[in-house]
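Guided by the hints, dock chains B, C and D onto chain A, whose structure is given.
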Amino acid sequence: MTFGQYFTDIFRVSRSIAIGMSITLKYLLTFKKNVVTVQYPRERDLIPPRHRGIHYLETEKCVMCWKCSDICPVDCIYIEGTRGADGPLQDGYRGQKATLSKFTVDYTVCIFCGLCEEPCPPKCIWLGPEFDFNATDRTMMEKNLLTDELYTQEDEKFVEWARVENERLVAEKKRLAAEEKAKAAEAKAAAGEATAVAEKEKPGAPKKEKGGLPKKKEKGGLPTKKAKGDTKE
Amino acid sequence: MSGLLLAQTPPTVGELANQWNTNPHQGGLYLESALYQLVDAMGSSLTLPPWLVVAATLLVVCLLVFGFINVFGLFVVWLERKASAHIQCRYGPMEVGPHGVLQTIADGIKLTSKEDIVPRLADRPLFVLAPIIVFAGVLVRFVPLPFGQELVASDMDLGLFFVAAVGSVEVIGVILAGWSSNNKWSLFATMRTATQMVSYEIPLGLAFVSVIVCAGTFSLQEIIAQQEGWFWNWFILKNPFLLLMAPIYLVASLAECKRAPFDLPEAESELVSGFHTEYSGMRFAIFFLAEYAAMYLVSAIAVVLFFGGWWTGIPLIDGIGMGADASAGAAVTGFVIKAAVMVSKAVFLVFVQIWVRWTLPRVRLDQMMFICWKVLTPIALVCLVGATLWHLASGGGGLFGIPALLGLDG
Amino acid sequence: MPEVKTEEMLLNMGPQHPSTHGVFRVVIRTDGEMVLESESHIGYLHRCFEKVAENNNYLQVVPYTDRMDYLCAMANNLGYAQTVEKLMKLQVPERAEYIRVIVTELNRIASHLMAFGTYGMDLGAMTPFLYAFRDREMLLKIFEKLCGQRLNYSYIRVGGVTFDMTDEILADIERFCEYFEPDILKEYNDLLSYNGIFISRAANVGVLPVDLAISYGVTGPSLRGSGVARDLRKDEPSSIYDRFDFDVMVGSGEMGTVGDCWDRYMVRVREMTESVKIVRQAIRDIPSGPFCDKKAFRGVKPPKGEVYHKIEGARGEVGFYLVSDGTVKPYRVKARGPSFCNISVLDALTSKGDCMVADMVAIIGSLDIVMGEVDR
Amino acid sequence: MGLESAQIHQIVKEKFADSVLEEAADAVDPFIVVKPGVIEDLAYFCRDDTRLEFDLLSCISGVDYPERNVIEVIYCLDSTPNKHWLIVKVVLPRDNPRVRTVENVWRTADWHERETYDLLGVTFEGHHNLIRILCAEDWVGYPLRRDYVMPETYRGIRNVVY
Chain A
1 MTFGQYFTDI
11 FRVSRSIAIG
21 MSITLKYLLT
31 FKKNVVTVQY
41 PRERDLIPPR
51 HRGIHYLETE
61 KCVMCWKCSD
71 ICPVDCIYIE
81 GTRGADGPLQ
91 DGYRGQKATL
101 SKFTVDYTVC
111 IFCGLCEEPC
121 PPKCIWLGPE
131 FDFNATDRTM
141 MEKNLLTDEL
151 YTQEDEKFVE
161 WARVENERLV
171 AEKKRLAAEE
181 KAKAAEAKAA
191 AGEATAVAEK
201 EKPGAPKKEK
211 GGLPKKKEKG
221 GLPTKKAKGD
231 TKE
Chain B
1001 MSGLLLAQTP
1011 PTVGELANQW
1021 NTNPHQGGLY
1031 LESALYQLVD
1041 AMGSSLTLPP
1051 WLVVAATLLV
1061 VCLLVFGFIN
1071 VFGLFVVWLE
1081 RKASAHIQCR
1091 YGPMEVGPHG
1101 VLQTIADGIK
1111 LTSKEDIVPR
1121 LADRPLFVLA
1131 PIIVFAGVLV
1141 RFVPLPFGQE
1151 LVASDMDLGL
1161 FFVAAVGSVE
1171 VIGVILAGWS
1181 SNNKWSLFAT
1191 MRTATQMVSY
1201 EIPLGLAFVS
1211 VIVCAGTFSL
1221 QEIIAQQEGW
1231 FWNWFILKNP
1241 FLLLMAPIYL
1251 VASLAECKRA
1261 PFDLPEAESE
1271 LVSGFHTEYS
1281 GMRFAIFFLA
1291 EYAAMYLVSA
1301 IAVVLFFGGW
1311 WTGIPLIDGI
1321 GMGADASAGA
1331 AVTGFVIKAA
1341 VMVSKAVFLV
1351 FVQIWVRWTL
1361 PRVRLDQMMF
1371 ICWKVLTPIA
1381 LVCLVGATLW
1391 HLASGGGGLF
1401 GIPALLGLDG
Chain C
2001 MPEVKTEEML
2011 LNMGPQHPST
2021 HGVFRVVIRT
2031 DGEMVLESES
2041 HIGYLHRCFE
2051 KVAENNNYLQ
2061 VVPYTDRMDY
2071 LCAMANNLGY
2081 AQTVEKLMKL
2091 QVPERAEYIR
2101 VIVTELNRIA
2111 SHLMAFGTYG
2121 MDLGAMTPFL
2131 YAFRDREMLL
2141 KIFEKLCGQR
2151 LNYSYIRVGG
2161 VTFDMTDEIL
2171 ADIERFCEYF
2181 EPDILKEYND
2191 LLSYNGIFIS
2201 RAANVGVLPV
2211 DLAISYGVTG
2221 PSLRGSGVAR
2231 DLRKDEPSSI
2241 YDRFDFDVMV
2251 GSGEMGTVGD
2261 CWDRYMVRVR
2271 EMTESVKIVR
2281 QAIRDIPSGP
2291 FCDKKAFRGV
2301 KPPKGEVYHK
2311 IEGARGEVGF
2321 YLVSDGTVKP
2331 YRVKARGPSF
2341 CNISVLDALT
2351 SKGDCMVADM
2361 VAIIGSLDIV
2371 MGEVDR
Chain D
3001 MGLESAQIHQ
3011 IVKEKFADSV
3021 LEEAADAVDP
3031 FIVVKPGVIE
3041 DLAYFCRDDT
3051 RLEFDLLSCI
3061 SGVDYPERNV
3071 IEVIYCLDST
3081 PNKHWLIVKV
3091 VLPRDNPRVR
3101 TVENVWRTAD
3111 WHERETYDLL
3121 GVTFEGHHNL
3131 IRILCAEDWV
3141 GYPLRRDYVM
3151 PETYRGIRNV
3161 VY
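Residue numbers (my numbering), protein chains in the order written: chain A, 1 to 233; chain B, 1001 to 1410; chain C, 2001 to 2376; chain D, 3001 to 3162.
Same shape as in the complex, but just chain A (with noise of 0.2 Å):
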């Protein structure tokens, strides 16, 4: 190592050292615009319509087909009931056929892969918004989502200010967007016509959208509690 180059290096150093700095310091001063994370439990991200969370069940609708728990790649759905008196279903959607006594998804074992909503015919079952319930026993984790609330009372309370809040994201969302556009609008005005609208198009594909979160039945939980399990034998 040659004189010149021993302080060239202590230089180069230094000088990268402040550079480093001052983006810190930079981000410091600035926080305040810079900030991206949200104090969780009070304020919440916005949960988009395709979230795969926890599941919903529409009971009524359920055919007890078990084409959810055949899917499942960690076979966590597991169903019971009977499936009507008159025999085979042959219009599964209006059928209201079977009678559930147990539909159980364990939630130590389900990996939210979001199969199971797919091959359901009266699309009955879809992964919802929510993924925030918790336990204090494994057992817990198993939620029989005819019968067992998924959230307690006190918590339920929370989960309905999240669903209004995810709401309030949503349109705030839509606003900004709908802003945006305008002004996009108003500058492709103001720059006049010299630009083609060439690339405007987009595809208008066809969507497979669920609609902006489920509405529930009921307040909270899940929206199964009208039918609960009285097994016919």
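In short, the hints are calculated from the structure, not lab data. There may be inaccurate statements among the hints.
Straight-line distance between alpha carbons at most 16 Å, and here's what the computed EDC-like set of lysine to aspartate or glutamate pairs gives [what the hints assert, rightly or not]:
no., chain 1, residue 1, chain 2, residue 2
1, A, Lys26, C, Asp2325
2, C, Lys2086, D, Asp3095
3, C, Lys2089, D, Asp3026
4, A, Lys123, A, Glu60
5, A, Lys174, C, Asp2325
6, C, Lys2295, A, Glu118
7, C, Lys2304, C, Asp2325
8, C, Lys2005, C, Glu2037
Cβ pair distances, simulated, as ranges [as the list claims (entries may be wrong)]:
no., chain 1, residue 1, chain 2, residue 2, range
9, C, Lys2005, A, Thr8, 50 to 60 Å
10, B, Trp1051, A, Arg12, 58 to 68 Å
11, C, Gly2289, D, Glu3004, 31 to 41 Å
Just so we're clear, the structure is a prediction, and the values are computed from it rather than from any experiment. Here a beta-carbon is modelled for each residue, glycine too, at the ideal position from N, C-alpha and C.
Quick look at chains B, C and D alone, frame taken from chain A:
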């Protein structure tokens, strides 16, 4: 000292203090001597043996310093978490108290209530002793450290020397901690600590010496007193070589208190948590506190040596309460201002340490040694010689002595 | 002076160690700080992917592929889906191909961001990690919007993709590219890549010569860091990668020797730019039309046969050897995880005697392994 | 791109005329089946021949066929300079699958062979360290064989069946 305590006719406490404390600046607000005077004033009615009074006085002083360390530790841990959070686009602690200021207290309570685990194969006595030694090593260095004008536990003639000398005690504690944990990773950290802290005392000592040469005294009070006046009278601006020496001191002090980028002894991605891997609960808290106390210590010494101690650098403000004819209110105001200036300067340097930590990656062991022995030490040696010669040539005037040289110095 | 006697020490690095990126155990023989020899032990995260795949049908295997390389799950999905499609000679719709390219490249960026961040953290710089996570979060939000999950997407399946790309998401992606590409990457480089301490830690450390790398089957950015321009996106463009214009980044020994940790690291940082390039082109060209083969989605039954298919994942060659016996379940799925081969070179790199314990961390970090993929 | 697979097969067949048992040219991915005995020579040839230069061993996979009572070991070779590939198979008897190791040819074969040994019980003769890699060292049985039965317990840990 033993002769003193066994003296036939017990001396009054004031005499004792005078005999013991040979400082020429008697009569100020030095904590130790102030307490002696206090005791002395009411002493005639007390019939306590003098050694007890001395011991009690020392204990009170010690507790005051200890309290300061605790409060400071609570504050700086919060500052570090907040600063790092804001650097990293986060909020940091927000829940306990406004902006989470009480978070550290909550954490402290949590730590004290945690189980105190000693590994089965650990060397129990040494394991228990280690955090105490580490903390004592830091605490004892606070003795000559001024917190404000005449606000010092004990003003020693050889204050700076004392700081450098007892600094090594901390190393012993860290080595004990790593060794007694009976953990190979802790042992790694121990060896790293030993090499690092012993090595970095050289540039640190050279920085001390260069200031001592310019100031002509070891006493921290006296060193600060010499930097009175405009801010160009600060040592960093008195002498261009000291201007170079200040960054050397700051880098070496980073290494001395094991802060990033020299946090090899605790390198959490390499050694899990270094020498305090096996510690939990209160013992861990003591290590933690010692680290932050050491951060304040090196920063405060940097302030004393290079950045004008308690002087604001503007004579108008510094003059408040100075002089014999100052009113009591002005004196108190001046005293408070000086203490505040001293502490806030040190806290700013602590903040710089935090800022550096959250920016830079860690160096490797050989690079750490390279920086010490091949970069800092030679440059510090050159600076020492240069500073001495400059001091002799310029006579120690402010702003590198240039105004004095040009005859502008009043 | 009498010779100083030192004692060698056997040290277990892992399975629980902050810098092994998962449950990976290396037994290292050290002399002080020097590593004399190392021996890797894997298998702590073995989940029998291949056995599970035998017992599930073709559709049910998809969620398991997510969990191999969970940082770049799209590439695994894509590799598996294309393997089955190759066996079935199934043509997926054009739009699906474009969506696949977009999401795979975005996932590559997310994965490289993770590699960038954790590498900084391995070397002691905490802040770049958080910055990388901040930007990765944007991508994860886009993925969440697109397919409902943030890591284990199960998005690309045999026959297409599960959800259509909406205009809104495309706009989000465009916004991300706008935000990310020149500015943020420059900031990363200033903060970490060209930092003096970082360079001294990463340059000339863990030099991986080309012949050693190829002999050990190292692929992906780790191989390109050694100066070999092998990128399956260019060499054997599996889907529509030949339609895009991008460069293959190779290490050049800019800061030290070719094939050192810094080169491997820098290849990843530079590849993010290229991925953004691809994404921009794909967004520009994306056609309209169906996004999946509805028939294939209901269930597939490939003919008898066997096939090996490889694509370029974020860490290298993601390969699937698939044997079908003509039923709805695969007879055998063998997954070739790039991390499995990449990490096997570690012992050769660290046993040369010039490696310190701190370098060990740097080397493991620069190989960028995901234990889910090593152990499967 | 390098050579077509037919050309590669031709080159291999020229050299190992007697040892190539089968050539599946019209499969989705064409492959050749060779005698187990020549695999190391073939590997050296494939790596060192200037026309082939298969310097990268992508993967080694084993497939168990209980009906045919064989285990197939499949070598997927790749060439970084020539950008072509080759799939070589050896067919081994199921009760005693033994084949010569190729770890001296490609270092990566070390781990791949250990994995194949671990999961399928194929013994690679000459391998320097043929021990289990993914399963625990005292694991019993070869999990990827079709007739493998999951043990009830392992060292007292119950096997949970969902």
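Okay, the hints, checked on the actual structure:
no.	hint	result
1	A:Lys26 <-> C:Asp2325	61 Å, violated
2	C:Lys2086 <-> D:Asp3095	33 Å, violated
3	C:Lys2089 <-> D:Asp3026	13 Å, holds
4	A:Lys123 <-> A:Glu60	11 Å, holds
5	A:Lys174 <-> C:Asp2325	50 Å, violated
6	C:Lys2295 <-> A:Glu118	13 Å, holds
7	C:Lys2304 <-> C:Asp2325	5 Å, holds
8	C:Lys2005 <-> C:Glu2037	19 Å, violated
9	C:Lys2005 <-> A:Thr8: 50 to 60 Å	41 Å, violated
10	B:Trp1051 <-> A:Arg12: 58 to 68 Å	60 Å, holds
11	C:Gly2289 <-> D:Glu3004: 31 to 41 Å	33 Å, holds
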